[in-house]
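The whole structure should be built from the sequences, with the hints applied where relevant.
One rule links them: number in the numbering used here = place in the sequence shown (from 1) + 37.
Hints listed in this document are in silico derivations from the structure and should not be mistaken for laboratory results. Hints should not be assumed to be uniformly reliable.
Said to hold, decoys possible - The calculated lysine-lysine pairs, modelled on DSBU-like cross-linking and capped at a C-alpha distance of 35 Å, are:
1) Lys-135 / Lys-51
2) Lys-51 / Lys-73
3) Lys-266 / Lys-228
4) Lys-73 / Lys-149
5) Lys-269 / Lys-203
6) Lys-73 / Lys-178
7) Lys-45 / Lys-203
8) Lys-203 / Lys-135
9) Lys-90 / Lys-106
10) Lys-178 / Lys-228
11) Lys-266 / Lys-45
12) Lys-45 / Lys-269
13) Lys-147 / Lys-51
14) Lys-73 / Lys-90
15) Lys-178 / Lys-90
16) Lys-51 / Lys-90
17) Lys-147 / Lys-228
18) Lys-147 / Lys-135
19) Lys-178 / Lys-147
20) Lys-51 / Lys-266
21) Lys-269 / Lys-51
22) Lys-228 / Lys-51
23) Lys-106 / Lys-147
24) Lys-149 / Lys-106
25) Lys-266 / Lys-203
26) Lys-73 / Lys-228
27) Lys-228 / Lys-90
28) Lys-178 / Lys-106
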Amino acid sequence: MKQESFGKFDFVGKVGIFGGISLALVVISLVYLAVKGINYGIDFSGGTEVQVKFGTSVTIEQVRGVSEKAGLTAVEIQQFEGNEFVVRFQLPTAKTEKETNELQNQTVQKLKEGITAELGSAAPEYRRVDSVGPQVGAELKRNGFLAVFYSLLVILIYVALRFDYKYSPGAVICLAHDAIITLAIFNLVGKEVNIPILAAILTLIGYSLNDTIVVFDRIRETEGLYREKGYKFIINKAINDMLERTIITAGTTFTSAMCLWIFADGTVSDIAFALAVGIAFGTYSSIYVAAPFILVMEKMKVLKPGAA
38 MKQESFGKFD
48 FVGKVGIFGG
58 ISLALVVISL
68 VYLAVKGINY
78 GIDFSGGTEV
88 QVKFGTSVTI
98 EQVRGVSEKA
108 GLTAVEIQQF
118 EGNEFVVRFQ
128 LPTAKTEKET
138 NELQNQTVQK
148 LKEGITAELG
158 SAAPEYRRVD
168 SVGPQVGAEL
178 KRNGFLAVFY
188 SLLVILIYVA
198 LRFDYKYSPG
208 AVICLAHDAI
218 ITLAIFNLVG
228 KEVNIPILAA
238 ILTLIGYSLN
248 DTIVVFDRIR
258 ETEGLYREKG
268 YKFIINKAIN
278 DMLERTIITA
288 GTTFTSAMCL
298 WIFADGTVSD
308 IAFALAVGIA
318 FGTYSSIYVA
328 APFILVMEKM
338 KVLKPGAA
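See below:
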């Protein structure tokens, strides 16, 4: 005998409240990103990074003093655990690419000489020296965000073919919702957006889409059994039926990402933080954004002239 109750939780009944919260979060995130701007890393903004680790205790003020003596004016210094620092700076663009590279090499060498002279007793170890030109950085930034846009466009087409047109807008809005909020939070805590982080956002889009597709599959299965009940009943029952699976899957991946964020450092920690935030919002949006949006599309279908 079929179960007539849709389950313990009335998710669709709270869609107005959570829909308003989601809309507010997206608007606030967009305004914040427009006003504050995105904190681009060297991959997108261009410049030079020198990562150095000292064998003994060194303060950020000492590193800044050496950088200023080397003639670096617009310098940013980031400190990690274990007396490790990243010195980031930008140089004026020369007439030719060769001259720009020569200027960059001379400045890095001057910085290294200053560190050896002032902090040589701290046994500096240079981990890496990265340099990206401003034109290359602008091109990487453009191509990166185009990749996100095209991925959303392809997902829109895929979901429309895989399910029905009424499912597609909810899926894409859900993914855009997750990416925008995650990017805003990532920027809010002062982390940089670079190529690895953009890759993490694309990974997040894939993860959130998978969760959304699972929800849509269950809704479509339930629709075949309870078509006469209406979409509110169908969506609520589908979400309740797969709630345990959602909690276990999201909880496992979220815990893994949190462990990497806490115990790792550098780029790995930043990627894990972006994934942890995205997983939390992705799970939420699959339930309270993507699925209930089917109701909106179904209502629009009914309101069309000549619709049954």
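Going through the hints against the structure:
Taking the CA atoms of Lys-135 and Lys-51, the gap is near 61 Å; set against the 35 Å cutoff, the hint is violated. Only pairs whose Cα atoms come within 35 Å are accepted, and Lys-51 paired with Lys-73 is accepted, the gap being roughly 32 Å. Our distance criterion of 35 Å between C-alpha atoms is broken by Lys-266 and Lys-228, whose separation comes to about 48 Å. With a CA separation close to 33 Å, the supplied pair Lys-73 and Lys-149 stays within the 35 Å bound.
For the given pair, Lys-269 sits about 15 Å from Lys-203 by alpha-carbon distance, which is consistent with the 35 Å threshold. Among the hinted pairs, Lys-73 with Lys-178 is consistent with the structure: their alpha-carbon atoms are about 17 Å apart, no more than 35 Å. About 26 Å separates the Cα atoms of Lys-45 and Lys-203, which keeps this hinted pair within 35 Å; it holds. With a CA separation close to 55 Å, the supplied pair Lys-203 and Lys-135 exceeds the 35 Å bound.
Simply put, Lys-90 and Lys-106 have alpha-carbon atoms about 19 Å apart, close enough for the 35 Å limit, and the pair holds. Taking the CA atoms of Lys-178 and Lys-228, the gap is about 16 Å. The hint holds against a cut of 35 Å. Distance restraint check for Lys-266 and Lys-45: the Cα-Cα separation of roughly 17 Å lies within the 35 Å cut-off, and the hinted pair is therefore satisfied. Restraint check for Lys-45 and Lys-269: the C-alpha separation of about 14 Å stays at or below 35 Å, so the hint holds.
For the proposed pair Lys-147 and Lys-51, the alpha carbon gap of about 62 Å is over 35 Å, so the pair is violated. The suggested pairing of Lys-73 with Lys-90 holds, with an alpha-carbon distance near 32 Å, which does not exceed 35 Å. With a C-alpha separation of about 29 Å, the suggested pairing of Lys-178 with Lys-90 holds against the 35 Å cut-off. For the hint linking Lys-51 to Lys-90, the alpha-carbon distance of about 52 Å lies beyond 35 Å, and the restraint is violated.
A hinted pair counts as satisfied when its Cα atoms are at most 35 Å apart, and Lys-147 with Lys-228 qualifies at roughly 28 Å. A hinted pair counts as satisfied when its Cα atoms are at most 35 Å apart, and Lys-147 with Lys-135 qualifies at roughly 18 Å. Proximity of Lys-178 to Lys-147 is assessed by CA-CA distance (about 30 Å); at most 35 Å being required, the pair is judged to hold. Simply put, Lys-51 and Lys-266 have alpha-carbon atoms about 19 Å apart, close enough for the 35 Å limit, and the pair holds.
This hinted pair checks out: Lys-269 and Lys-51 have alpha carbons roughly 11 Å apart, not beyond 35 Å. For the suggested pair Lys-228 and Lys-51, the alpha carbons sit about 34 Å apart, so the restraint of at most 35 Å is met. The straight-line distance between the Cα atoms of Lys-106 and Lys-147 is roughly 9 Å, inside the 35 Å bound, and the hint therefore holds. Straight-line distance between C-alpha atoms of Lys-149 and Lys-106 comes to about 11 Å, which keeps the hinted pair within the 35 Å bound.
Pair hint Lys-266 plus Lys-203 holds up; C-alpha atoms about 18 Å apart against a cutoff of 35 Å. Taking the CA atoms of Lys-73 and Lys-228, the gap is about 13 Å. The hint holds against a cut of 35 Å. Taking the CA atoms of Lys-228 and Lys-90, the gap is near 20 Å; set against the 35 Å cutoff, the hint holds. At most 35 Å may separate the alpha-carbon atoms for a hinted pair to count; Lys-178 and Lys-106 meet this at roughly 32 Å.
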